[in-house]
Structure formats: structure tokens, C-alpha cells
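> Letter by letter, the chains look like this.
Number of protein chains: 2
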Amino acid sequence: MEYVKQRRTIRKYQARDIEPALLNELLETAGRASTMGNLQLYSVIVTRDPSMKKQLAPAHFNQPMVTEAPVMLTFCADFHRTSVWCEQRKATPGYENFLSFLNASIDTLLYAQTFCTLAEEKGLGICYLGTTIYQPDVLIDTLKLPQLVMPVATVTVGYPDEHPDQPDRLPMEAFIHDETYHDYTPADIDRLYAYKESLPENKHFVEINHTETLAQIFTDIRYTKKDNEAMSATYLAALKRQGFLK
Amino acid sequence: MEYVKQRRTIRKYQARDIEPALLNELLETAGRASTMGNLQLYSVIVTRDPSMKKQLAPAHFNQPMVTEAPVMLTFCADFHRTSVWCEQRKATPGYENFLSFLNASIDTLLYAQTFCTLAEEKGLGICYLGTTIYQPDVLIDTLKLPQLVMPVATVTVGYPDEHPDQPDRLPMEAFIHDETYHDYTPADIDRLYAYKESLPENKHFVEINHTETLAQIFTDIRYTKKDNEAMSATYLAALKRQGFLK
Chain A
845 MEYVKQRRTI
855 RKYQARDIEP
865 ALLNELLETA
875 GRASTMGNLQ
885 LYSVIVTRDP
895 SMKKQLAPAH
905 FNQPMVTEAP
915 VMLTFCADFH
925 RTSVWCEQRK
935 ATPGYENFLS
945 FLNASIDTLL
955 YAQTFCTLAE
965 EKGLGICYLG
975 TTIYQPDVLI
985 DTLKLPQLVM
995 PVATVTVGYP
1005 DEHPDQPDRL
1015 PMEAFIHDET
1025 YHDYTPADID
1035 RLYAYKESLP
1045 ENKHFVEINH
1055 TETLAQIFTD
1065 IRYTKKDNEA
1075 MSATYLAALK
1085 RQGFLK
Chain B
845 MEYVKQRRTI
855 RKYQARDIEP
865 ALLNELLETA
875 GRASTMGNLQ
885 LYSVIVTRDP
895 SMKKQLAPAH
905 FNQPMVTEAP
915 VMLTFCADFH
925 RTSVWCEQRK
935 ATPGYENFLS
945 FLNASIDTLL
955 YAQTFCTLAE
965 EKGLGICYLG
975 TTIYQPDVLI
985 DTLKLPQLVM
995 PVATVTVGYP
1005 DEHPDQPDRL
1015 PMEAFIHDET
1025 YHDYTPADID
1035 RLYAYKESLP
1045 ENKHFVEINH
1055 TETLAQIFTD
1065 IRYTKKDNEA
1075 MSATYLAALK
1085 RQGFLK
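Protein sequences, first through last, are from chains A and B.
Residue numbering for the first sequence follows the numbering used here, beginning at 845 and increasing consecutively.
Residue numbering for the second sequence follows the numbering used here, beginning at 845 and increasing consecutively.
Just so you know, these hints were derived from the structure itself, not from any lab.
Don't be surprised by glycine CBs; every beta carbon is placed ideally from N, CA and C.
Where hints are given, some of them may not hold.
What the hints assert, rightly or not - Within a straight-line C-alpha distance of at most 35 angstroms, the following computed DSBU-like cross-link-like pairs (lysine-lysine) qualify:
#1 B/K856 / A/K966
#2 B/K849 / B/K897
#3 B/K1070 / A/K1090
#4 A/K934 / B/K1070
#5 B/K1069 / B/K849
#6 B/K1090 / A/K1069
#7 A/K1040 / B/K988
#8 A/K1069 / B/K934
#9 A/K966 / B/K1040
#10 B/K1040 / A/K1084
#11 B/K1084 / A/K1040
#12 B/K1084 / A/K988
#13 A/K988 / B/K856
#14 A/K1040 / B/K934
#15 A/K988 / B/K934
#16 A/K849 / B/K966
#17 A/K934 / A/K966
#18 A/K1084 / A/K934
#19 B/K1040 / A/K934
#20 A/K849 / B/K856
#21 B/K1069 / A/K856
#22 A/K988 / A/K1069
#23 B/K856 / B/K1090
#24 B/K988 / A/K1084
#25 B/K1090 / A/K849
#26 B/K1069 / B/K897
#27 B/K1047 / B/K988
#28 A/K934 / B/K1047
#29 A/K1040 / B/K1040
#30 B/K856 / B/K934
#31 B/K1070 / A/K988
#32 A/K1090 / B/K934
#33 A/K1069 / B/K1084
#34 A/K856 / B/K897
#35 A/K1040 / A/K934
Stated by the list, open to error - Some residues of chain B that are not near chain A, with every Cβ distance over 10 angstroms (derived):
#36 F905
#37 I1052
#38 S1076
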């Protein structure tokens, strides 16, 4: 438990490669994560080739981790392999639908997070790239993903070359509810977000971005309604393209 | 790493309760999982009350774990709390869209799986209930989930009262792809699924279900096209109801 308590996302990596035997052990052991009907509805694309990293970088807004990390993993919801197996066994697959995308995505994220926890236990550092779901088409084309395979999460992995401060987290009462959801009063919100809003780095963000509040950084700059709506349309179109949505 | 290698899903639990201090430590430590913009886009509803378990059981096909486990956790994608904070801080939230549901779901599943890995390290057993996404409306109503909160995963937790055989997993080459997705030849499929199909318990399933192949158990009995399509419509309607889809 201690290494999870001490964890932080790592964005800078040593030039040192990850030993193939270690990476394989992590990828294999993560396969012990829970999975629907033991179907393991995921595939992982392992990127080590510098030219592939260069091709994938624009899909991730050219964040430097993509080309600097020794390994990048793209975790994909995959009902393709299972469907090929079914067809080869006189069984008619019925997985061209949204529920199957959700089932496969859940399997995929449980696998991905098990991998990350194990990797950190072994002294590696990881960073999730939220960009994976922003421009899925670039990933589908570059990684040659067939029908019923959708990119869901990307993680860069390597030996840490930084030791950043640990970020704050909300107090537990902010996200744990006993028996039913308990909605938040204005006083609750003030109390739960007080520490986050008091942090010098967050005050600094507000200052340099010329916003009035920290929340405005999220709504007006980082995760805007306009961007979210455009990317929602893009991802839904990609789900149709990959056969998960009619 | 060893306890992940040895893990198995636990469906039978001792009557023994989970110490509140331990459960809290696990729920808090899991909050160290990666999260988008450090927003922690999730909520967890903790069910201990027997009458609540009884109300929730039908949504989970009355699987006995629901009423027998000391604790059930419903992990919800939550953009409600963040939106309330934004509104209280003169920021206009733009999270009533599909991308925001995906972002919150990813956060939620990384949190859920970190919790499960930590719980197992501490000697607890867990079981994911795939049923959570089948009848989301029952959960939304019973757990009183507001707009922009969607149930994504449920886990039962307790001290193990069984030690089942460890299930098989596909060989790693079935789901790991170097640089690009490598599609499966008929010979690949035969090789990758040979062990699973050879297992006595799977042969027994085929026999008692009077199917010709193991794959037909999945397509014709467990996860049928008809059910998947009906539940896809249900979940998409629930996403609309909760405000994540227009």
C-alpha cells in the first residue's frame, strides 16, 4: 500500500530502456485483473520505435513524454479478437453495439490500471495521456486498429528522471457517500475545495491566466464546453466507424 | 506483484465485517490513482445497510454476493460535484456531453481498480458485478444519483470464505501487439484459444448447455446480440437522463 500512498505521475524519464523481461512480466501479470466472462476484452499496442512515436505525437498534442519515454502503451477496448474466435467456431457474435464498447472499455481500464500499479511497485514511473480519446482517428489509422477496436487510454512508462511534489487530493468525504448520494451544500463545496484553492501553485495559475477563480481555469482554458462538444462528436463518430454504434 | 499473480475473484465471504478504519484507508489511498486535471471525477456509494442491499439486488440479477458481502461499492462517474464547484465559483461548466462521461468513467475505473488491488493486498476478496451497466436506472433511483452522475462499476468486498481454482488466461501474445495491431489468422485463433477450449470445466459447460462450441456459450447464452442491443439502448437512454448525452 505504501508505494501507492507515495505515488506521483512521472513525465520525465531516464534514457534507460525498460528490460523486455520486466515489461513482459508486468503485461502478463496485469492479465490477472478482473475481466468480463474471462474474455479479456482488450489489446495493448506497445510503441518503442522512435518513428512510430513521432507519428503518434500529434494525436497527443506533441507532449514531450511521447517521444522521450522508452515505452508507450495504447490500451484498446477490443471485441474484434473475440468476434473472430466466435466466427471461426460457428458462433454468431453480437458485439456491434454500445454496451459491448462499455464492457470492453471497463476490461481495458482495469487491465491498464493493474499494469500501472505493478509498474510503479517495480520502480517505474507512468503518465496517463488524456489525449487518447480526443483524436481517436489518428490512433486508429496509425496503429491499424480493425473494427471493434477502440483506443481508450495511453500510458507512457520509464524509469523516473524527476521527483515532483505530490499533488493534493480532495478530502475523502468529497467523494465517499454512505448508502445514498449526498448532494453538496455551498458550505460543503467551500470546505472541500478550500485546501486546493489555497495552494500557492493554484493561486499562481489563477494569476498568470488572469482568471478570477481556479474553477475558471478548468471551464475557460483547460476543459472548455466548446472543445468537449467537438471531441464528443469526434469520439461518437469514431465509435460508429469502428462498428460499436449504429 | 506476487499477490496479483495469485489473485482470484471471490464470491463467498465470511460473516466478518470489514474494519471501518481499514475500509477508509483503502478508499483514501485509492484516491492517489491518476485523475484528469486532478479533478477526481468519481463518487463511491458505500452500501452496508441490509435493506439497501435488498433494494439493489434485483439490479444485479439477485446474485448472492450482493446481500452476503459485508460491503458493496458502487463506483460512479461524477461530473456533478465539479460542476457545482464551478457554478459556485463564477465558472460555467461545459460537461453535459459524451466526452465528459468518458473522462469521468476513466477516472472512476482507475480509482476502482486501485482500490481493488489494495484491498486484495490486505487480504480482502473482491468481485466486480458486470450487471451495473445493465440496469443503470434502478441504481440511479435507489442511490439517488443526481444529474451528471452515472454508475459504472460495482464491487462486492469482504474476507474470503472460499479459495476457488485460478481461472485460465489467454497467452500474452493474444493481446499484446508490437507497434501496430496484428490481425489474427485462423491458425493464430486455434493456437491462442486451444488451452481455454481444452479445459474440462469448459468442455463440461458445452456439454450441459448442448452447444457445439465454447464460443456459442457466449454468443447464444451469456452475452447475446439481443440482450446487448436492448441494454445498449437502456444505457444510452440513462446517459441522456443524467445529462451526458443530448
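> Would the pair A/K934 and B/K1070 pass a check requiring their Cα atoms to be no farther apart than 35 angstroms?
Within the cut-off at roughly 18 angstroms; holds.
> Run the distance test for B/K1084 versus A/K1040: straight-line Cα separation, threshold 35 angstroms.
Given that 35 angstroms is the threshold and the Cα spacing comes to 31 angstroms, the pair holds.
> Checking one constraint from the list: CA of B/K1069 to CA of B/K849, max 35 angstroms. Satisfied?
Given that 35 angstroms is the threshold and the Cα spacing comes to 33 angstroms, the pair holds.
> With the threshold set at 35 angstroms, check whether the alpha-carbon distance from B/K856 to B/K934 stays at or below it.
violated, 49 angstroms
> Just to be careful, I want the Cα atoms of A/K934 and A/K966 compared with a cutoff of 35 angstroms; is the pair within it?
violated, 43 angstroms
> If you draw a straight line from the CA of A/K966 to the CA of B/K1040, is it 35 angstroms or shorter?
Holds, at about 30 angstroms.
> Given the hinted pair A/K1084 and A/K934, is their alpha-carbon gap at most 35 angstroms?
holds, 26 angstroms
> So if I understand the rule, the pair passes when the alpha-carbon distance is 35 angstroms or less; does B/K1047 with B/K988 pass?
Distance ~44 angstroms between B/K1047 and B/K988 Cα, so the pair is violated.
> Is it the case that B/S1076 keeps its Cβ farther than 10 angstroms from each residue Cβ in chain A?
violated, 4 angstroms
> Starting from A/K988, check that the Cα of B/K934 is at most 35 angstroms away, please.
With Cα atoms ~44 angstroms apart, A/K988 and B/K934 exceed 35 angstroms; violated.
> Check the hint pairing A/K934 with B/K1047 against an upper bound of 35 angstroms on the C-alpha distance.
holds, 16 angstroms
> Could you check that no beta carbon of chain A comes within 10 angstroms of the beta carbon of B/F905?
holds, 14 angstroms
The structure does not agree with the numbered hints 13, 15, 17, 21, 23, 25, 27, 29, 30, 32, 34, 35 and 38 stated previously, though it agrees with the rest.
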